[in-house]
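Enquirer: Chain A is already provided as a structure; the job is to place chain B on it using the hints.
So the sequences go chain by chain: A and B. Position 116 of the first sequence, counted from 1, bears residue number 115 in numbering that gives the first Met the number 0, the numbering being contiguous throughout. Position 129 of the second sequence, counted from 1, bears residue number 128 in numbering that gives the first Met the number 0, the numbering being contiguous throughout.
No lab work stands behind these hints: they were computed from the structure. Warning: the hint list may mix true and false statements.
Unchecked claim - Footprint (simulated), chain A over chain B, 3 or more residues, beta carbon under 8 Å:
#: 1; stretch: 8-20
#: 2; stretch: 51-64
#: 3; stretch: 84-94
#: 4; stretch: 101-115
#: 5; stretch: 146-152
#: 6; stretch: 158-168
In this text, a Cβ means the ideal position worked out from N, Cα and C, and glycines have one as well.
Below, each chain spelled out in residue letters.
2 protein chains.
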Amino acid sequence: MRKFERGELLKRNVVYSGRIVEIVVDDIRINGKETLREVVRHPGGVGILAELEPDRIPLVRQHRYPVDRDVLEIPAGKIEPGEDPRQTAVRELEEETGYKPLSIETAFNYYPTPGYCDELLHIYYANKVEEAETCFDDDEDLEIEMYSLAEALSLIREGELKDGKTIAALYWLALKRTDSL
Amino acid sequence: MRKFERGELLKRNVVYSGRIVEIVVDDIRINGKETLREVVRHPGGVGILAELEPDRIPLVRQHRYPVDRDVLEIPAGKIEPGEDPRQTAVRELEEETGYKPLSIETAFNYYPTPGYCDELLHIYYANKVEEAETCFDDDEDLEIEMYSLAEALSLIREGELKDGKTIAALYWLALKRTDSL
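So here's chain A without its partners, still in its complex pose:
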């Protein structure tokens, strides 16, 4: 297998530092030539596919400003500094649904857009949960809806469910159920 070149970093320029992302433009030298690499930097995120009861999957509906529409997603969030991704997943499920996972399984993790962004997304699965004692934050502008796996898959087919992590997680669960993973 061929060894690919990363190039040598000459200078890193932070061109924007925001609330979720930071944009850096690196001057690099690769194969004898000087060029640029632009990178959207993100702290990493998690998504958690849960079954609160058998085949009762909570999805969060919220307006997503960048795409200007309501998007249906598994509970998710970004990793806080120093937080283990599993903790993030437990916290997000609890905050968004009021349920606490008793155990969680790693489904898979992936780069959503490795061509321009360094985000790594961790997808977890939980099918044993209990009602949390803490109240969940209902100030967030979101709604929880419950779906069976078959219903959620049909929303993907109809183009009504368009979030990447949610599609991948639901396909994963469908394959797991048919022992095809």
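Expert: Chain B alone, transformed into the frame defined by chain A:
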């Protein structure tokens, strides 16, 4: 179903305009309060899962600078101005593998990261292809490798295949083969 608020756009600030992405920060008014929304803008992309022969799937290996590793992906690229996403898919398959799809099927399309980016990714599937007459560009720093679906799924399980669109597309094909979509 509740109607969510998008907010009123007061002013758009383009903070970075790069080769792949543009970053805008919008001043908005929502529920009586003024606040900001940061958006990574992207022209949209495609990925194409192809079977050059039955169960012979080409994956592209290339170094992805943002994540600093080699990433294995279905042929993919960004949509050029005025281009129909299907054209992009045909072009990318041809440029990267030297094969031209005789017909393509829409698998699904999705937002990889709707929390901060507007990219819409179109995933296509092609299982009828012919060798293209044009030579493909071998200047690009990438390699084509061939996998069966079972091999590719095992790379996901082992954490060796970590690209979001590729994972979702392979899961889609696995479900299609078991008639579980």
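Enquirer: Evaluate each hint against the coordinates.
Expert: Structure-based check of each hint:
no.: 1; hint: 8-20; in the structure: holds (count 6)
no.: 2; hint: 51-64; in the structure: holds (count 5)
no.: 3; hint: 84-94; in the structure: violated (count 0)
no.: 4; hint: 101-115; in the structure: holds (count 9)
no.: 5; hint: 146-152; in the structure: violated (count 1)
no.: 6; hint: 158-168; in the structure: holds (count 7)
In this structure, the hints that do not hold are numbers 3, 5, in rising order.
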